[in-house]
Structure formats: C-alpha cells, structure tokens
Amino acid sequence: MDLFPLWLSLRVSLSATALTLLVGVPIAWLLARRRFPGRNVLEAVVVLPLVLPPTVLGYYLLVLVGRRGPLGQALASIGLELAFTWGAAVLAAVVGSIALVIKSVQAGFETVDVQLEQAARTLGRSEWSVFWSVALPLAWRSVLAGTVLAFCRALGEFGITLMVAGNIPGRTQTLPLAIYDRVQANLMDEANALALVAVGIVVVLLFGLSRLARLRY
Amino acid sequence: MSGTVSVAIEKRLPGFTLDVRWEAEQSVIGLFGPSGAGKTLTLQCLAGLIRPDAGRIVVGDRVFFDAATGVDLPPQRRRIGYVFQGYALFPHLTVARNIAFGLRGRPRADRARRAAEVIERLGLGGLERRYPAELSGGQSQRVALGRALAIDPALLLLDEPLSALDAPLRRALRDELREILRAWGTAAVVVTHDFTEAYRLADRIVVYENGRVVQAAPRAELLWQPASEIVATIMGLRNVLHGTVIKATPDRIQLSWRGQTLEAVNSPTRSYLPPPESPIAFFIRPEYVRLVRKDRGAPDPHHMNLMRGRIVGEADFGTVWILRLRLDAAGEPAQGGFDLEVEVPHLVYEILDIERDRHWEFSIHRGSIHVLPA
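First to last, the protein sequences are chains A and B.
For the record, in the first sequence the residue sitting at position 34 is 33 according to numbering that gives the first Met the number 0, with numbers rising by one throughout.
For the record, in the second sequence the residue sitting at position 263 is 262 according to numbering that gives the first Met the number 0, with numbers rising by one throughout.
Don't read these hints as lab results, they were simulated from the structure.
There could be a bad hint or two in this list.
To be verified - According to the in silico footprint, chain A covers these stretches of chain B (three or more CB under 8 Å from chain A):
no. : region
1   : 79-86
2   : 92-103
Claimed, not checked - To give a feel for the contact side, a few chain B residues facing chain A, derived at Cβ under 7 Å:
no. : residue
3   : 46
4   : 68
5   : 72
6   : 74
Think of the CB as a built atom: it goes at the ideal place given N, C-alpha and C, for glycine as much as any other residue.
Work out the full structure, taking the sequences as your base and the hints as a guide.
Below you can see the structure in the form of structure tokens.
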C-alpha cells in the first residue's frame, strides 16, 4: 500500500500547525489584550474560515495564489509557484485551522489576571517579557489545546486543499484525499486502513493532551 | 523639592471623575475613604498603569507624569513597588522566583544575593521553593511585599494590603506590616477603607470621597479634628449631630441641641466663628459620655453639659457595653429611636447596676464635643 499520503499529511499538518501558532498566537494576544481600531473587524474575519464553506474558501485562495492571482504573480516573479504544490496544501490547512487556535488561545489569555501583567510591568519587565514570562506560561494549557485542535483539523482538511492543491497522487494527495480516492476506486480495504491510521493519530493526540492538561504549570 | 510625593490628577471615566490633589513629605501616606472613591485609581496613575487626562505626578525629584509637558514615564521606568489587593503573585513561579522577578537585568550573582537578603529580612526562609498556592495569607502578603521591595522602589504602593485576610490575622499583620514599613524606611502610599488601619499604618492621611480629597492631615489631627461632617461620616464616627449656634468665640462655642444648651471647645487654630442661629454639626465620642453616679452626694464641678435620659437600647460587645440613650426632652430623638450612643466598660456597667437602673443623668466635657465646620 502506498503510504505517501500519510507522510504528506503529517508533513503538511506539522508545518501548518507551526505556521498557525506563529500567526495565531500574536493575533489571539492582540484580541485578548489590546483595544485598537478595527478590532471588531479582525475578530469577525478570524471566524470566517469556520463558517464559510471550505470550497468557497478554497476558491478564493485559488484566485489569490493562482497563476493570474495577485499573490501568485508576485511569487512567480521570484520563481515560486504555490498553487497545486504541497505548499498550497499547507496554506489550505492553515486557513482551515487558524480560527481554532486564535479562539482557544484568546480565551486562554483572557483568563489570565490582568493584574499579574501589570505587576510584571511595575517590576520593570517589557511588553515582550510580560508576554513570555507571564501571559504565555499561564495560558499554556489553552495554547496546547489549540495546537492539538489545529493539528487534527489540518490533518482532516479536505475541501480547501482540493481546490488549491488539487489531488495529484504522489504530489499533493493528502490522507483525506487519498481515502476519498480509494473509495471512488472501490478499494475499500485501502480506504479502511488509511481511515484507521487517521483515527489512530487523533486518538493518541487527544489522549496525550488530556494527560498533559493534568500538569500544573 | 526632593523627598515629596506630589499628586495632582484628573481622570474622567464613564460615570466617575477623579479630581484630586495632595502632597506629602515622604513617609507612609494613607489614602482613606469608602470603596469607589478613587483610591485605587490614584495608585494606578502613580504606577503608570493608567494615564490621567490632566495633571502632574512628582515623586522626589522625578516627574512621572506631566500633561503640560507631555511627560509620561512607563511603569517600567518608574521604579514603583506595587503590592496589589489580593497580592497578584505569579502562580507559576516559586517564592524565590516571585521575589527575584523584578531583578532581571542585574548580574546573576547580584540577583541571587538581593533575593536572599529580602527573603531573610522578611522571614521567608524555608519557603523559597513553595508556590503561591501553598502559602498562607500572611506569607503571601510578605512575598508580595518582598517582590515589591526587592527592586528598592522609590515609592511603595499598597492597595488594601490586609483585606484578603480574615479578622484575627488582620490585626496581627497590620502591626507586622507597620514594622516592615518602618524598618525598610521606604516611602509608601497605603490605600484602605478602614480608619483604624489607616491610623495604624500611615503618618499622614488623605481622605477620599467620590473622586475628591475632603481632608489631608497628619493622622492625629484627622482623628481629633475631622474637617467636616463628610469626613466624620466616612471615619464612621458615631453621634454626629446637628444643632444651632447660640454664640461662637475663638475658644468656646455655645449651641442648642434637642432643647439643651451645650458648651463646646472651639479650636483656636481653626477659629471657626459661625454666626448665631446658624446650623452647626458636631460629634460626641460614645466613650466620652459620663454617667453621673447616684451614690455620690453633691454634683461634681467637673460635670458640665448635664442632661437626663433613659436607656432605650443596649448591646454587649464583651468588654464594653453600647447604650442608646433617649433624652427626657420633648420632640423627635436625634438618631431615630435615640439621641446618643454611650459606651461604658463592662465593669462600670456592673458596678452601676445599669441592667436594672435605666434612668440616668450624664455629662459631657466641653472638650469632648467636637464641632464640625460646615
């Protein structure tokens, strides 16, 4: 059995989770702690990926990164192509999962007592240090939960991926797409095996999460 | 002038305006007043956590904030030790790391030495590895103090430092806190809504009411000469009463109350001279009302402002009794069902057999009737 889809999915999901954290945690911090113009707009935009149909999201992403799209053209001018590559699958997974990270981490930051951050400021700590020494260590549980959710969501991404990365066996065919393909081809044994692998990964992750959540800090 | 804390700030919030100015030589300054009067807001402005709309804050020779020149030091650069209400200890750090939290930027050996010194001076030895959740109320308070003192602050701010504790501990820690403040000699601003606490901890007390300062005075002056009826009420003084002026001179004020003529000492320093017939507020401390013993013959010449009344209510507070007296005079009693609250020691209550004998003559020395300027 060809295990390429499994390895691709793991690679895509890990990369997407890392990117999601990198972008999502600062946004979550902004939403939880800062009042700035456009905050409400940002808050609404953040949840859009959760409520829009994946194919609609995928369509707009394709318009953006396709050969004639603004981002696609910019990338092409430096010799890069994103659409229908594994990078597009990462982009799809980021878009599909970032709302989960932002919402979960934002809720985490909001439960941190503002006074603790103020105390850190009076003790001479910069905003950067307040974030790393106080906010993040106290909200790590929700960051972890958001990470696991994002990874699972990225692993299961189907609709957006299909639109921007396609379903090219050996290149962009991720685990969910492979399962779909096998079912279409009536290869039920292979579909079954791949589906079990997906279930296995998610169950192990969720179990690990519940164990970790019992730690204090 | 160096060595002075000078605050003059305005801050408008929805439904509340803070507009205060006070100045004090560096020592322990008490901000005293009811909840919601703006005391904590003042601390936050001092620490730079909230930016006033207008005004100026100067501590020693350093300008923290000046709306006119656009100076506004961030909290990081004010070197203020802030002990928050509820302490705000970092729950994920040990006692030692909480105390060393503000020492980042110094050499490692320096940091360790300073933290150890603070831990030792505050008697926190042995607790270094504990987490805040494993500390008692008193220990938490000392850790919070230690964390603030470790940075050798220019000014220490304490927000209701005892309110997180229960009553018996509260009193013990009030005195402990007083000792620590004296021993470290750091200038401090203490916020409290409890007058006893303000009096025990502070040298100078600033009284807040609804976003304004209603009196600022050395603690003894505040205790004996509240500036107005508002201050007396905030201090929780009992027997705040209203009469009419008969005659006022620089050292005596004669007034009429409930059909009685009372003589009070006027404060020569304040030379309050209200015209005759004008309303006047005054208070009488319950422990300064003297019952006249019936087993003694001729009235004692020390007795003045003699009145008669009946006990209409009483409460046993263990070592003292609080009696509620109603004058034999006609008309509505001054305080609902009674005219005066009187405090007598338990022993006196027994000796005079007050339990059975309910009708008394009593006197108030003119020095115990305190006039409250309007």
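Hint numbers the structure violates, sorted upward?
4 and 5
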